[in-house]
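Chains A and B, in that order, give the protein sequences.
Numbering of the first sequence is given in our numbering, commencing with residue 2 and proceeding in unit increments.
Numbering of the second sequence is given in our numbering, commencing with residue -6 and proceeding in unit increments.
Calculated from the structure, these hints are not laboratory results.
Some hints here could point you the wrong way.
Unchecked claim - According to the in silico footprint, chain B covers these stretches of chain A (three or more CB under 8 Å from chain B): (1) 138 to 147; (2) 163 to 177; (3) 190 to 196.
Claimed, not checked - Dumping the calculated DSSO-like pairs for lysine-lysine here, alpha-carbon to alpha-carbon at most 30 Å: (4) B:K119 / A:K38; (5) A:K271 / B:K0; (6) B:K18 / A:K271; (7) B:K71 / A:K168.
What the hints assert, rightly or not - Per the computed footprint, the stretches of chain B lying under chain A, defined by three or more beta-carbons under 8 Å from a beta-carbon of chain A, are: (8) -5 to 1; (9) 16 to 30; (10) 60 to 67; (11) 176 to 187.
Glycine residues also receive a C-beta, built at the ideal position from the N, C-alpha and C atoms.
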Amino acid sequence: MNIIIELLNYPFMQRALVCGIAISLCSALIGVILVLKNYSMIGHGLGEVGFAALSLALVLNLPEMYVAIPIVIIASFIILLISQKKGASGDVTIALVSTAALAFGVIITSASKGFNVDVYNYMFGSILSMTTQDVIISVILSIILIIIYVFFYNRLFMISYDEKFAKVSGISVTFYQFLISLITAIVVVLGMRMMGTLLISSLIVFPAIIARKITNSFRNMVILSVLISIICFIFGLLFSFFLKLPTGACIVGVYVAEYIFAIIYAKVCKI
Amino acid sequence: MSIIEVKDLSASYNNHDAIKDVNFKVDNGEYICLVGENGSGKSTLIKTLIGLHKKDSGEININIEDDKIGYVAQNNMKDLTFPATAKEIIMTGVQKHGKLPFYRKKDWEMFDNVCDMLSIKDIVNKQIGSLSGGQRQRVILARALIREPKLIILDEPCSGLDVNITNEFYKILDRLHEEKDITIIMATHDLDEIKTKDVRVICMATSVKFDGKIEDWKGL
Chain A
2 MNIIIELLNY PFMQRALVCG IAISLCSALI GVILVLKNYS MIGHGLGEVG FAALSLALVL
62 NLPEMYVAIP IVIIASFIIL LISQKKGASG DVTIALVSTA ALAFGVIITS ASKGFNVDVY
122 NYMFGSILSM TTQDVIISVI LSIILIIIYV FFYNRLFMIS YDEKFAKVSG ISVTFYQFLI
182 SLITAIVVVL GMRMMGTLLI SSLIVFPAII ARKITNSFRN MVILSVLISI ICFIFGLLFS
242 FFLKLPTGAC IVGVYVAEYI FAIIYAKVCK I
Chain B
-6 MSIIEVKDLS ASYNNHDAIK DVNFKVDNGE YICLVGENGS GKSTLIKTLI GLHKKDSGEI
54 NINIEDDKIG YVAQNNMKDL TFPATAKEII MTGVQKHGKL PFYRKKDWEM FDNVCDMLSI
114 KDIVNKQIGS LSGGQRQRVI LARALIREPK LIILDEPCSG LDVNITNEFY KILDRLHEEK
174 DITIIMATHD LDEIKTKDVR VICMATSVKF DGKIEDWKGL
């Protein structure tokens, strides 16, 4: 316990903890909607778009967040618009956009200096190197996302459960689909520093699927998903520090253990 | 006064006419059963009326506020593991365009009334997928009733349900029609199970092939 208290005295650990909890909370909230709407892979797809955007930012020597946020938001809207067309499917659209973006990212990275430390950090995550500015941006955006989510909570549930009924009730499903895309894009950009572009989808998907295994109501799924996300992040961060392993991979390791536990719990308790 | 007026309505799927030149009027308090073979256009007509499918031509005049129309879809829940309780689903019925997405005290009072009316109080905290087909359909009906509708549109609400559950469901509809004077438009295959006397039958075969009282109906 004393070691943990001592750890919290390090400024880099304080920044990682604040940022990580804020991002874990947001990703868990939006993850519930994405998992229920069978859009689990969008996080992975947008992570690859984020990689391209970060490569571009590094080459142009511009602040990463300011370049990545608009590009990933535009990509998420493109995925939404294409997948809404007749005959198009969500996973095919995600595959098209993400692989094209990944190829673009590799080309501009190779054409400049090749893979350097910054690109590597964004691919696999480096939460311990977060700056105070990263923390401020992450916390402000997280608070905005949480307010939006809480305000539209009932509508988001309605759209997730029965889109047709929402349409019949005069609710603009397209508006909420764009809102979900916007929140997802911002969460992906925020989470890239923590998990890396390759593991970002786990931050969105795992808490929701673990929570889904052990509860039968939407409200409980949201609450449990948030708790699971924060707890797994904290344990992942500690493992990462003590075992000197990448944080993102350690968090995913905790998720996997939790998921196996949830499967066993659901079987034993017959949920 | 007619609450719905449909004039020369046509709609299609993939350039195939699903309904063509459909004309009818619905007066307040009527109980209308839309019948017809599979593919006759019943469901398309209903989806076009409620705005889920685009019309190609014609007019639909609905002289009733949007939020006073209830909709009950077919009994075909695809994902039985969806984490939602009956209560969470019923409450979505009070949400509508232009209303803040929060539930007020009045909405919860209405929720209690509807659950009493349909005798579903003991199942409201259960997951929707764990309920029987009949219970699920009552939950979906409760979602339509919670907004105190003047018109309920139902699209084959009892498809896939057994005869006893179907009869129970139609008894509830009869009661709503008689006691609350709710106008009902329902696509159905179970005309024999409907006991209400003043039912009007509209038979679809892309266009309207029969429109009259149930006693004059000779069958498909």
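Each hint tested on the structure:
{"no.": "1", "hint": "138 to 147", "result": "violated (count 0)"}
{"no.": "2", "hint": "163 to 177", "result": "holds (count 10)"}
{"no.": "3", "hint": "190 to 196", "result": "violated (count 0)"}
{"no.": "4", "hint": "B:K119 / A:K38", "result": "21 Å, holds"}
{"no.": "5", "hint": "A:K271 / B:K0", "result": "54 Å, violated"}
{"no.": "6", "hint": "B:K18 / A:K271", "result": "52 Å, violated"}
{"no.": "7", "hint": "B:K71 / A:K168", "result": "19 Å, holds"}
{"no.": "8", "hint": "-5 to 1", "result": "violated (count 0)"}
{"no.": "9", "hint": "16 to 30", "result": "violated (count 0)"}
{"no.": "10", "hint": "60 to 67", "result": "holds (count 4)"}
{"no.": "11", "hint": "176 to 187", "result": "violated (count 0)"}
Hints 1, 3, 5, 6, 8, 9 and 11, counting from the list given before, are not met by this structure.
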